[in-house]
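Visitor: Let chain A serve as the given structure and place chain B on it in line with the hints.
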Amino acid sequence: MKRLFLFLTLLFPAGSFAQEILVSGRVEDEAARPVPFANVYVGTSGAMSGDDGSFSFPFNACGKDITLNASAIGYESYSREFAATDSLFAVIILRSKATGLQEVVVKGVGQRIRGGGTWTNLSPIDIATSGGSVGDLYRSMQVVPGVQIQGESGRLIVHGGDSRETQTYIDDMHVLRPYTTTAENAPARGRYSPFMFEGINFSSGGYSQEYGDGLSAVLPLYTKDESRLSKAGVNPSTVGIAGGGTKAFDQGSVSLNLDYGNLGPYFSVMPNRMSMTEPYRTASAATQLRFTPTANTVLKSYISYDRTQFTEQAMSLSENNLYVNTTFRHTSGNGYTLFAGAAFGDMVQDVEGALHEGDTFEEQARELHLKAKVSKRLSRLLNLSAGAEGYLRRFGNEYSDSAVSRQLSAAPDLFAAFIIATLYPIRNMNVDVSARIESGVFSPRISANYNLRGINLSLTAGRYLQQVEAEYLYANPSLRPEECLQYVAGAKYMRNRKVYRAEAYYKDYSNLPLQSATLTSGGYGYSKGLDLYFSDDALFDNFEYRLFYSLNLSGRKSGVDQEMKVPYYVSRHNASAALKYAVNPLKSIVGLTCRYASGRPYEGGLTKPYNSMDISVTFLASPKLIIYGSVSNIFGVKNRFSNAGGALVAPAYDRFIYIGAFISLGGKSAYDVSNF
Amino acid sequence: MRTIVIFAASIIISLSASAQTTEEIFQKINVPMATPELVAARAQLERLSTAPQANPSAMYYLAYADLELSFRVGDDNQKAQYIEEAQKYLDKIKDVDKSEVETLRGYSYFALMAIDPRTNGPKYAPDIISCYEKALKANPVNPRAILLNAVFRNNMAKSMGRRYKEFEADVIRSRELFAAQDTTSAKPYWGGMLLDRFAGE
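First to last, the sequence lines map onto chains A and B. With this note's numbering as the guide, the letters of the first sequence map in order to residues 1 to 676. With this note's numbering as the guide, the letters of the second sequence map in order to residues 677 to 877.
Note that these hints are calculated values from the structure, not bench results. Among these hints, one or two may not hold up.
A short, non-exhaustive set of chain B residues, derived as facing chain A with CB atoms under 8 angstroms [to be verified]: (1) VAL715; (2) GLU722; (3) GLN754; (4) GLU761; (5) ASP767; (6) ASP803; (7) ILE805; (8) SER806; (9) GLY837.
Lysine-lysine pairs mimicking BS3-like chemistry, simulated, CA-CA at most 30 angstroms apart [stated by the list, open to error]: (10) B/LYS834 / A/LYS498; (11) B/LYS704 / A/LYS624; (12) B/LYS813 / A/LYS376; (13) B/LYS770 / B/LYS704; (14) B/LYS834 / A/LYS587; (15) B/LYS813 / B/LYS863; (16) A/LYS247 / B/LYS810; (17) B/LYS841 / A/LYS376; (18) A/LYS498 / A/LYS528; (19) A/LYS624 / B/LYS810; (20) A/LYS247 / B/LYS834.
Just so it is clear, the structure is predicted and the values come from calculations on it, not from any experiment. In this text, a Cβ means the ideal position worked out from N, Cα and C, and glycines have one as well.
With the rest of the complex left out, here is chain A (with noise of 0.2 angstroms):
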């Protein structure tokens, strides 16, 4: 025992007996050039390259390997064993991390989504505050290039792709309804609050193949992890009240949201093509769970229901719509990123005198998604994720009067596995290839970015696939899923806060549903484009102005178009100027944005051009108060619009006018306006 106390007191101050070495050598990036202000050590010694890159430093070995060590801001660490020598000389190459191609997200809101036609982390502040928005997620979308814009539907449109090609995801879980119901020719709106979201990102085209069952665009939206304050509000308006508030916990929050709109009053005094005999009137009831046990796990649910009725003339419709989302996302200390799933979709639509009096029309839509992905980077040149899912839906309705009953119905399962793998082949470049399983057919897509001194430059092909309308599956339900590829070039170029961007696509649809003698997935057609956007945040203090034009050129043989036609929803040119001011002594926000469509198609040709001038104003009060005010088409434009049947339609209203208070009545946050 003697002994083996002597033996541990020489060893225990090793250091001062220890062989002391030299380390020295460079560290370079991947192109060779010096990287000063790397820190290397081995140990708790080390030294600072200089601004050759070398460095150079003594350790005491005491014979053994040792471990070397080198980290840099903006490069991803290095480690590396060596022998143990009399010296030691290294070369150390350190890769710049992922995040060099100037998309830096200061805080993670779920994954990038690399490739052609990105917008990622949108504010909510962004949107709320654009012209003519009135507080709608969508309809603010129309700012963003390769996005149609139009007064009637409320829908995105995107590269010459029916709305329902565009899909939504809340927290990457399907949404099955994004839109509210709505009469007819009255914009839908956006189901959830812009508030709601942390981050916002929109693809136009050529996405990551972890996001299936659609033709043209996603728009996948992620809510807050945590919220650290309590606090409560309501939200008076012209078309409503609202309220509801969070209540923070150590490791999680609870929020609750209610909302009730009436259209009625609203529209008793402003001009209007409806003739509601019952107004439009929603009820709405929201709830998150989030709960954080650790800095690397979150655990969130979010549950929705809300309820529209109203009454046109003899047709009485009302819905019910239910959805509910949990997920959970865990990292391991090891970097693997787990992530499950669910999301379940119910929508009930009961509608009386549908075409005439008397008969009753009954629409359900119901869907489970389900879903399970791992991530993880296994190295410096690859991060790999891979995943499966599966929709278990059930579409049908039932019709009958007093001569007729008719019940139609489908089961459009969807089960589908992907994988995606970026790679780092070299600095300033990334490549994505993934692929994807879905209902047997194989989809891969490639898309490649490089920075090239400022300039991001990409290009991305893929396939993607998308069940047909249900409409189309009552009658044949063997019908195979739609087809569309993607080839995307686009360039990006950011300088002193102005952004450049420029993007072609061209996107080739098959196995479109076509109604001749019996109804075949023989329908194709094209879609093709460019996209040209431009801002600038610096041109003076408080101001900033977005432009952009989209150029679509577009044709379908699908339903009963028995030859290529431009489709009803198309027009050829798209532009938008979208300018705000924040005028500092007046304590606001104002908003103007000035939207432009060449003529649609119809039955009688073209359609006008559609114009609207739409202005917001945001003025903040006082910390605890924001009164909000937004007009749409500020001049009445009498704008028309083509519909599915060809005919020449007048939209609900010309001009809408949105006025609404955001009162805090707890909690210290100013201009927080989400309940959430």
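Guide: For chain B alone, kept in the frame of chain A given last:
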């Protein structure tokens, strides 16, 4: 018995030598220093924080150094990278005064906000408020929490054409508390220079 005493003494001598070095670095980082010195101190802290059985304060000061550097570099991407590093360390910290950690976390959101106040202000304001509230709840006489909270609330009030009524009182109180701090230990006492950086705003 003699052997045990020698063995224990050796351990104490070794540990105290190591602690002295670490403590010196902690002392150094608390006082304002030029950027090259701060970069060098950061490097030392990074080495200390990766050592087995590292002093938990090393990671705290490493996060602090990253945040300080984020205010000194000009490029927004680099600022964001420093802040991201700092937040990564803050998430890993254990066994450090909760009030100090929450203050630093609030400071990290404040640094993010400073990159683009118009966009990031509304986004991070609730986080900043929450962190400073937690910091003050854990230690109502933390001068850093008092000062940073006052600066943030004053800036927020000013953006709405108002002023934070408690601002002067908070600044005076934090000045008194800064002056009364123990500057000889490894405990945080940084922040005195923030009076000059922010208090005049």
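Visitor: Is the hinted pair B/LYS813 and B/LYS863 satisfied, with a Cα-Cα distance of at most 30 angstroms?
Guide: Holds, at roughly 19 angstroms.
Visitor: Within a Cα-Cα threshold of 30 angstroms, do B/LYS834 and A/LYS587 meet the stated pairing?
Guide: Measuring from Cα to Cα gives roughly 10 angstroms; hence the hint holds.
Visitor: Under the criterion that the straight-line Cα-Cα distance not exceed 30 angstroms, is the pair B/LYS813, A/LYS376 satisfied?
Guide: Violated: B/LYS813 and A/LYS376 sit about 38 angstroms apart, past 30 angstroms.
Visitor: So, as I understand it, the hint says B/ASP767 touches chain A; can you test that by seeing if any CB pair is closer than 8 angstroms?
Guide: holds (4 angstroms)
Visitor: Taking only the CA atoms, is the gap from A/LYS498 to A/LYS528 under or equal to 30 angstroms?
Guide: holds (27 angstroms)
Visitor: Is the straight-line distance between the alpha-carbon of B/LYS770 and that of B/LYS704 30 angstroms or less?
Guide: holds (22 angstroms)
Visitor: Hey, B/LYS841 versus A/LYS376, does the alpha-carbon distance stay inside 30 angstroms?
Guide: Roughly 50 angstroms between the alpha carbons, so the hint for B/LYS841 and A/LYS376 is violated.
Visitor: Do the numbers back the hint for B/GLN754, that is, is its least Cβ distance to chain A under 8 angstroms?
Guide: holds (7 angstroms)
Visitor: Are A/LYS247 and B/LYS810 close enough, with their CA atoms no more than 30 angstroms apart?
Guide: Measuring from Cα to Cα gives roughly 15 angstroms; hence the hint holds.
Visitor: Regarding the hint that B/GLU761 lies at the interface with chain A, is the smallest CB-CB distance below 8 angstroms?
Guide: holds (7 angstroms)
Visitor: Mind checking the CB of B/ILE805 against every CB in chain A and telling me if the closest is under 8 angstroms?
Guide: holds (6 angstroms)
Visitor: With chain A as the partner, please determine if B/VAL715 meets the hint condition of a C-beta pair closer than 8 angstroms.
Guide: holds (6 angstroms)
Hints 11, 12 and 17 from the earlier list are contradicted by this structure; the remaining hints agree with it.
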